[in-house]
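Using the sequences plus the hints, can you model the full thing?
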Amino acid sequence: MSTGDPFSLEVGPLPAQADPGADLLTRQDRAALRPPWRQPLALTGVAIIITWIVIAIFASELAPHPPNLQFGPLNASPSHAYLFGTDEIGRDVFSRVLYGARLSLPLAALLVAVAMVIGSTLGSVAGFFGGIVDAIIMRIADLVFAFPGIILALAVAAALGAQLRNAVLAVIVVSWPSYARLSRGLVLAARSSEYVTSAKLLGSSAWRTMWVELRPNIAGPIFVLAALDIGNAVLLLSGLSFLGLGAQPPTAEWGSMVSEGAQNFSSFWIGLFPGLAILTVVLAFNFVGDALRDMLDPRTARMIRK
Amino acid sequence: MTASSLASSFASEPAPSPGSAPGGRMGTSGPGRLLELDDLDVSYARRGHAPVRAVIGASLSVEAGEIVGLVGESGCGKSTLGRAAVGLVPPSAGEVRYRGERVETLGRAARSPELRSLQMVFQDPYASLNPRRRVGRQIADAIRLGTGAKLDDEAATRRVAALLERVGLSAAVAHRFPHEFSGGQCQRIAIARVLATEPSCVVADEPISALDASAQAQIANLLAGIVAESGLGMLFISHDLSVVRKIADRTVVMYFGRIVETGATEAVWSQPAHPYTRALIGAIPRPGAGSALPSELPGDVPDPARPPSGCRFHPRCPEVMERCRTEDPVAIEVGPGWQSVCFRSQPGQAAVK
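If you read the sequences in order, they're chains A and B.
Just so you know, we're using this note's numbering here: the first sequence kicks off at 1 and counts up by one.
Just so you know, we're using this note's numbering here: the second sequence kicks off at 1001 and counts up by one.
Certain hints may be false.
Restraint ranges, calculated between C-beta atoms of paired labels, are given here [stated by the list, open to error]:
id, chain 1, residue 1, chain 2, residue 2, range
1, B, 1176, A, 135, 38 to 44 Å
2, A, 133, B, 1048, 25 to 31 Å
3, B, 1108, A, 276, 50 to 56 Å
4, A, 133, B, 1112, 22 to 28 Å
5, A, 150, B, 1179, 40 to 46 Å
6, A, 135, B, 1209, 34 to 40 Å
7, B, 1153, A, 113, 26 to 32 Å
8, B, 1131, A, 279, 38 to 44 Å
Beyond 12 Å from chain A on every Cβ pair, some chain B residues (computed) [what the hints assert, rightly or not]:
id, residue
9, 1073
10, 1083
11, 1270
12, 1326
No wet-lab data here; the hints were simulated from the structure.
Beta carbons: idealized from backbone N, C-alpha and C, even for Gly.
Encoded structure:
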């Protein structure tokens, strides 16, 4: 606060907040509030994610061979010439893993973004208006929650047809309810606050209140959930491809590569390396998401159960 | 902040002229009467219990250019009355009129433009400002929403600066967030936001209770100055009797959901007619009163779910009579514009001694 402003005539401490106990930081909270460079897991996660993004962007430069070129010996084990070996029709597994990043990462980010927008919009509307609107939206969300995600995604993808695009749609269908539930809770907590009441007294419409007044106040936890959800989305998408409902051969997609590897069990490298790729990406996003959640206000962090 | 600097910052503002409201209704509402509460009841429904009647048969009016102080103990219904007055709480009986028009309870639809000049200042200034929006933008939105003015960004910035200076803040603080301010400063911003709508009437619900002592006086003076210069009407709700005595033109005393005494502040203070008013005034600590503690009322505010029969004040009243236990007193005109709801009050007599 700069000196010389006319309001420096304010003296005395700030008035006590409504609930002083709620602002006390426990030891765990303080650990969570450590700066990022003191959170090794989060740093590792960020490093892995950046590495994969770089790989996805420069896959064509980094990969020694085109992903679908059948040129090498069949089922060659990892060696200096073929870093991750070759698969049963002579494609370079290393190149295919690198190209796989071009599919999994952007698709996961896209579907999480779409699920976040749809889910948080529906959830905010449900929380803000309440009543029958709330009941309808949240019962649909409950319906989706009632199924294990992969089972419902399987059903949706199978109904739409085995295509990567349909697998993405299927994962969106199973992902939006968690955003709806979270944003509904946040809106319910915020809508009775006095700043919302003030805005309504000023003549703010319901939509303006939601978009202008509430959105900046509920965005934080929703973004954290999205960060946590990207790993989940990668896993679901690969899972669908693994089961033959996502990317179709010969597309270099990690899930379908693991599936091919599972059919050639003696050549472990065909499935192992794409599997490791999935593992590192999912772990990395979970590390980052966890760190972000811990950096949130501990009271709201509890609402994100993942 | 002095009165003269307030006056100068007001000079550039077109003061709203509430008395000349277009379509002002004739009849019961006088020309200057801005806000009228007519036999207002507010009840809160409770599952499995009888509803709690928070406000019972309250009638009061606020005229342009006056401050009506509403005092009473915690839980007496004064905040509920204030919220009902701006349409935040639905009345269960009676009605609230603003410029002669009925005040509709705020629902999902946007508040009607005619009502937007009836505004409210809240108790907790931090809670009433959006924590994630810059204060300048919040005030600019209030100008656009409240007055319907189509302002470009540059004009809005100028208006916001004028409003911030009007409440004693620097125009440079517009880009800050509410958490960067003290409670008193936040309340100034909340007041600036209310002023942005060019209000004719403001309900201030305990606007100084959450502030520290020095800020309390500043905010009370600021509000009083605004009323003096812009001619808006204000319902000033407070449990701080000394502030009400200082700034209010009329004082309304509430006890347990009922208005028990209404009158010009000086009269009510010098010769309180109702025993409860006397008890309230007696409870203020005075310097120079020696070691004597302020007199206290026996007992506590009764359970709202089981109100006492007869006069609601009778279990605690030092002057209770047999009649008070069974009959409900009605308002007695003890002086011009001065009413007391007590059996011991006599018409035309200033006070019962």
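Results for each hint:
1. Checked against the given bound of 38 to 44 Å, the beta carbons of residue 1176 of chain B and residue 135 of chain A, roughly 41 Å apart, stay inside it.
2. For residue 133 of chain A and residue 1048 of chain B, the hinted distance range of 25 to 31 Å is satisfied, since their beta carbons lie about 27 Å from each other.
3. Here the CB-CB span from residue 1108 of chain B to residue 276 of chain A is close to 53 Å, well matched to the stated 50 to 56 Å.
4. Hint check: residue 133 of chain A to residue 1112 of chain B, Cβ distance near 23 Å, so the stated range 22 to 28 Å holds.
5. A hinted range of 40 to 46 Å holds for the C-beta pair residue 150 of chain A and residue 1179 of chain B, which are about 43 Å apart.
6. A C-beta distance of roughly 39 Å is found between residue 135 of chain A and residue 1209 of chain B, which places it inside the suggested range of 34 to 40 Å.
7. A hinted range of 26 to 32 Å for the beta carbons of residue 1153 of chain B and residue 113 of chain A is consistent with their spacing of about 30 Å.
8. Taking the beta carbon of each, residue 1131 of chain B and residue 279 of chain A are about 40 Å apart, inside 38 to 44 Å as hinted.
9. Chain A leaves residue 1073 of chain B outside its interface by the beta-carbon criterion, the shortest separation being 20 Å against a cut-off of 12 Å.
10. For residue 1083 of chain B, the non-interface assignment is contradicted: its Cβ lies about 9 Å from the closest Cβ of chain A, within the 12 Å cut-off.
11. Listed as outside the interface, residue 1270 of chain B is consistent with that label: its C-beta sits roughly 33 Å from the nearest C-beta of chain A, beyond the 12 Å cut-off.
12. Distance check on residue 1326 of chain B: its Cβ is at least 41 Å (rounded) from any Cβ of chain A, clearing the 12 Å threshold; non-interface status holds.
Violation of the numbered hints given earlier is confined to hint 10; every other hint is satisfied by the structure.
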